[in-house]
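Asks: Chains as they are written, first to last, in the numbering used here: chain A, 488 to 804; chain B, 12 to 325; chain C, 9 to 349.
Rather than coming from a laboratory, the hints here were simulated on the basis of the structure. Mixed in with the good hints, there may be bad ones.
[Claimed, not checked] For lysine-lysine, the following BS3-like pairs were computed, each having C-alpha atoms within a straight-line distance of at most 27 Å: (1) LYS125/C to LYS238/B; (2) LYS16/C to LYS493/A; (3) LYS16/C to LYS96/C; (4) LYS233/B to LYS104/C; (5) LYS298/C to LYS490/A; (6) LYS14/B to LYS121/C; (7) LYS104/C to LYS238/B.
Okay, here's what each chain looks like letter by letter:
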Amino acid sequence: MDKIDKSRFGWVGSDPEHREGLSRPSITYWRDAMNRLVKNRVALVCLVFIILLILSCAILPFISPFNSREQHLSETNQSFFTPCEDSRFEGQNHMHIFGTDKLGRDTWTRTFEGGRVSLMIAFAAVFVNLIIGIIYGGISGYYGGAVDNVMMRIVEIVNGIPYLIIVVLLMMILKQGTFTMVIAYATVGWTGMARLVRGQALSLKNQEFVTAAEAMGAKPSRIIAKHLLPNALSVIIINVTLAVPSAIFTEAFLSYIGLGVPVPMPSWGILAQEGSQVFQVYPEKLWIPAIAISLTMLSFNLLGDGLRDAFDPRLRR
Amino acid sequence: MAKYILKRVGYAIVTLFVLVTLTFFMMRLLPGDPFTGEKQLPEKTMAALNAKYGLDKPVTTQYIMYLGNCLHGDLGLSLNTNRPVTTIIGEAFTYSFDLGIRAVLMAFVVGVLLGTLAAIKRGRPADTICMLIALIGVSVPSFIVASVLQYFLGLQLYFAMGKTVHLFAVTGWDGFNSKILPVFALAFGSLAQISRLMRTSMLDVLGQDYIKTAKAKGLSQKAIIWKHAIRNAIMPVVTVLGPITASVLTGGFVVESVFAVPGLGRYFVQSIQNRDFTMISGTTIFYGAFLIIANLVVDLAYGLIDPRVKLEEG
Amino acid sequence: MAKDMNKKVLSVNNLHVSFDTYAGEVQAVRGVTFDLHEGEVLAIVGESGCGKSVTAQTIMKLNPMPPARIPEGDVTLGDVDIVNASEKEMQKLRGKEVSMIFQDPMTCLNPTKKVGKQIVEAIVHHTHMSREEAKAEAIKCLTQVNIPNPEERAQQYPHEFSGGMRQRAMIAMALSCNPKVLIADEPTTALDVTIQAQIMDLLAKIKTQINTAIILITHDLGVVASMADRVAVMYAGKIVETGTCEDIFYRNSHPYTQALLKSLPSVDADKKDRLVSIAGSPPDLLDPPKGCGFAARCTRCMHICREEQPPEFTIGDGHTASCWLLHPDCPSAEERGEKDV
Numbered sequence: 488m489d490k491i492d493k494s495r496f497g498w499v500g501s502d503p504e505h506r507e508g509l510s511r512p513s514i515t516y517w518r519d520a521m522n523r524l525v526k527n528r529v530a531l532v533c534l535v536f537i538i539l540l541i542l543s544c545a546i547l548p549f550i551s552p553f554n555s556r557e558q559h560l561s562e563t564n565q566s567f568f569t570p571c572e573d574s575r576f577e578g579q580n581h582m583h584i585f586g587t588d589k590l591g592r593d594t595w596t597r598t599f600e601g602g603r604v605s606l607m608i609a610f611a612a613v614f615v616n617l618i619i620g621i622i623y624g625g626i627s628g629y630y631g632g633a634v635d636n637v638m639m640r641i642v643e644i645v646n647g648i649p650y651l652i653i654v655v656l657l658m659m660i661l662k663q664g665t666f667t668m669v670i671a672y673a674t675v676g677w678t679g680m681a682r683l684v685r686g687q688a689l690s691l692k693n694q695e696f697v698t699a700a701e702a703m704g705a706k707p708s709r710i711i712a713k714h715l716l717p718n719a720l721s722v723i724i725i726n727v728t729l730a731v732p733s734a735i736f737t738e739a740f741l742s743y744i745g746l747g748v749p750v751p752m753p754s755w756g757i758l759a760q761e762g763s764q765v766f767q768v769y770p771e772k773l774w775i776p777a778i779a780i781s782l783t784m785l786s787f788n789l790l791g792d793g794l795r796d797a798f799d800p801r802l803r804r
Numbered sequence: 012m013a014k015y016i017l018k019r020v021g022y023a024i025v026t027l028f029v030l031v032t033l034t035f036f037m038m039r040l041l042p043g044d045p046f047t048g049e050k051q052l053p054e055k056t057m058a059a060l061n062a063k064y065g066l067d068k069p070v071t072t073q074y075i076m077y078l079g080n081c082l083h084g085d086l087g088l089s090l091n092t093n094r095p096v097t098t099i100i101g102e103a104f105t106y107s108f109d110l111g112i113r114a115v116l117m118a119f120v121v122g123v124l125l126g127t128l129a130a131i132k133r134g135r136p137a138d139t140i141c142m143l144i145a146l147i148g149v150s151v152p153s154f155i156v157a158s159v160l161q162y163f164l165g166l167q168l169y170f171a172m173g174k175t176v177h178l179f180a181v182t183g184w185d186g187f188n189s190k191i192l193p194v195f196a197l198a199f200g201s202l203a204q205i206s207r208l209m210r211t212s213m214l215d216v217l218g219q220d221y222i223k224t225a226k227a228k229g230l231s232q233k234a235i236i237w238k239h240a241i242r243n244a245i246m247p248v249v250t251v252l253g254p255i256t257a258s259v260l261t262g263g264f265v266v267e268s269v270f271a272v273p274g275l276g277r278y279f280v281q282s283i284q285n286r287d288f289t290m291i292s293g294t295t296i297f298y299g300a301f302l303i304i305a306n307l308v309v310d311l312a313y314g315l316i317d318p319r320v321k322l323e324e325g
Numbered sequence: 009m010a011k012d013m014n015k016k017v018l019s020v021n022n023l024h025v026s027f028d029t030y031a032g033e034v035q036a037v038r039g040v041t042f043d044l045h046e047g048e049v050l051a052i053v054g055e056s057g058c059g060k061s062v063t064a065q066t067i068m069k070l071n072p073m074p075p076a077r078i079p080e081g082d083v084t085l086g087d088v089d090i091v092n093a094s095e096k097e098m099q100k101l102r103g104k105e106v107s108m109i110f111q112d113p114m115t116c117l118n119p120t121k122k123v124g125k126q127i128v129e130a131i132v133h134h135t136h137m138s139r140e141e142a143k144a145e146a147i148k149c150l151t152q153v154n155i156p157n158p159e160e161r162a163q164q165y166p167h168e169f170s171g172g173m174r175q176r177a178m179i180a181m182a183l184s185c186n187p188k189v190l191i192a193d194e195p196t197t198a199l200d201v202t203i204q205a206q207i208m209d210l211l212a213k214i215k216t217q218i219n220t221a222i223i224l225i226t227h228d229l230g231v232v233a234s235m236a237d238r239v240a241v242m243y244a245g246k247i248v249e250t251g252t253c254e255d256i257f258y259r260n261s262h263p264y265t266q267a268l269l270k271s272l273p274s275v276d277a278d279k280k281d282r283l284v285s286i287a288g289s290p291p292d293l294l295d296p297p298k299g300c301g302f303a304a305r306c307t308r309c310m311h312i313c314r315e316e317q318p319p320e321f322t323i324g325d326g327h328t329a330s331c332w333l334l335h336p337d338c339p340s341a342e343e344r345g346e347k348d349v
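Please construct the entire structure, taking both the sequences and the accompanying hints into account.
Replies: Structure follows, in structure tokens:
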């Protein structure tokens, strides 16, 4: 054995600074989730796409020279990039980028205005569901016991009724319009969110920090708002993101079977329905709204998946 | 187990009752009464019709009559064709059922297989491809899938082959070649949903300790998947079969319309467009009842395949 | 020693196991060496996260590869080279030559399969028995582990068993093909104290009745004392001290072993012997320390400990430890300037 110098055997004792083995920096839950989300390219691309889409639906119809309802009867069913020859736009060199529909309305304008209607309906419907779901689920989960029992039975019954059928019935009775669509969707759509929030509340309320808050005399409403909700927030965010495509789908579906927004107003569902009537002759009239609907739903789904992975690394597969 | 069954049946009955009640009162809320449609009926006929359907009696009596009629299977006469709604449903639903059951079976079998494949090949190209397909499936509404299939495979392929053979028929429901496209269009979304669920569930099961035990026994990967994992992983999929049935049924509305399948869905859409209220309410109740019973069957089946349910008390 | 006369059934030599994670390579096991002889009980002791379970699972190659890797070392079971064995060969070995029982009996049995069937499955896989014969054999196994009404119990599902019963069923399953080596990975940790004793008694009985060698993985030194022939103390992916039970309990020389024993309560201890916890936690094996793994927590740490890994020093017959204090050049405590903290 090699001779070792005595000096190297000098005593130093334990090292309190380094003895906590986990040297990885501790970061907060939210920052950690954000870091993971930023690393997820696909989800980021989807997020950017969604933002761009919202912006273009909000802005493009205003800067378009055409109005979504104005009919150019001399140039119906035109294809892509047709110069506008209507007398009202003479000499202005405008172009129907996506062509025109069977009444000569500009498809470009209608597509983005339709997107605005569809997205607004979807966001509003999800928002209403969210509010109902949080209140209902929060109360049910927080109080537990008999209250919870009764409330959840009700949810189970509402859930047992096939939702699209009820929505169809409601749409028949109420006056056609965007608001009606939101109401119809919200009447049955809140159960999922309510269950989710209740589950979160139940699992969280038995945790010690809530007991501690209770012991210190915090009011129930304060506990729900200050402790339960922030913890349930990640789950809610993910599910809201995933609920948007289902709302977009519902709008498109209802419009497609003839229960959409009232006639002159465009929406993606309406455009798809109009397109499907002529699509053997002018297939692009269906492709445009179809691609818009599909891409939007795809983006929201992918973003939702990305958020889920980011918030819950255990689910990262 | 008996308690579990009783509970499920109880829920089904209450839900049905709520549905019928809801339908009745919603129909009452419709502007005017069912017989003041576009066609002006003579006074006398109106009175006779009102008497026949009890519309001259107070609401509660009407409601009770309506419940009784529903129990007898009398859903009234179609305003458009004047035929009993039940007869129309009976005729049309055969097609819808045929289409729907094929779609559900296809969605279930293919979905489970795709999901399992993706889980086993996790992180490899096969996984990515399966999940890409599934993602498209959940993101593209069925009417778009139907139109795309019809246009490219039904129409363009026919043109491309020199208009000789119809590999896939564009419309109708008679030969086998007319069934492929509608079944696929209807199944695709559910198939995608099932395969996503199956993948997650399979990965979850494969991470369980008992899979390690099975591996420690010396079982091969194949034996572990087929004998231990599939059955347990399939359980969450079985629970969504109820909602899947619902979405296939409602998806049928549009798919039947696109492919001109003479099913109930197409009838339903037509009666919505024609404002045929008795037909709509009758079909609604029929669909609702069908789905509630389907849900019940799924719940009971779940109780059979999961031995743990027997012990659960509530 | 008498044990040395017995046949060697398992030898692990300089085993390294790494996991490739998102954050980088985690060196879970960093050079572990031990032998196991017929009918011997080897206890591997250490805090959680020190590589005990990984070592055990590597013997059966249960860790999914990737992310796990064996960059260095050999494992020989009987005459099979485990590291280079194919998955097919491993399938023949698992359950037959070496089997394993796990920590949590609640999750280790498939909830949707009858207990008897799960045992039959192992028997049919490894022998040429028919289903009927295997069933009879399974019931025999269940009797062997003291399960009352074995015929009836075999027809039940795991959720109808209590925790202790399930662990016994696991043991029955593990022993069903008379393996040469049984690995018990913390077999009592998830159980009640009274049940723990029953399971340990059962393992002790098995040890005397059949000539199976047992690797007992635990963090409970009390369990070790009653059963083990030899003990290996693991820390940060390495064996820091190994020897007979007496060596470890009474003639120990590694500061970690000493600290571990001081943190163990005992009934007959003097009242002035206070329980001492070991401050800190094991190092992160994503970035293992350059010197001795225990250095940061060791109250007797020296300069050299932080710079160089200590070699293995032989203290007595079969008793070795890896600590710089055992180096022949190491001066007395006074000369080192050691202070009692």
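Asks: The structure should be examined with respect to each hint, and the outcome stated for every one.
Replies: How the hints compare with the structure:
1. About 11 Å separates the Cα atoms of LYS125/C and LYS238/B, which keeps this hinted pair within 27 Å; it holds.
2. The straight-line distance between the Cα atoms of LYS16/C and LYS493/A is roughly 41 Å, outside the 27 Å bound, and the hint therefore fails.
3. About 24 Å separates the Cα atoms of LYS16/C and LYS96/C, which keeps this hinted pair within 27 Å; it holds.
4. At roughly 19 Å between alpha-carbon atoms, LYS233/B and LYS104/C fall within 27 Å of each other, so this suggested pair holds.
5. Taken as a hint, the LYS298/C and LYS490/A pair is honoured in the structure, with Cα atoms around 21 Å apart against an allowance of 27 Å.
6. Taking the CA atoms of LYS14/B and LYS121/C, the gap is about 23 Å. The hint holds against a cut of 27 Å.
7. Restraint check for LYS104/C and LYS238/B: satisfied, since their Cα atoms lie roughly 19 Å apart, inside the 27 Å limit.
Comparing the model with each earlier hint shows a violation of hint 2 alone; every other hint is respected.
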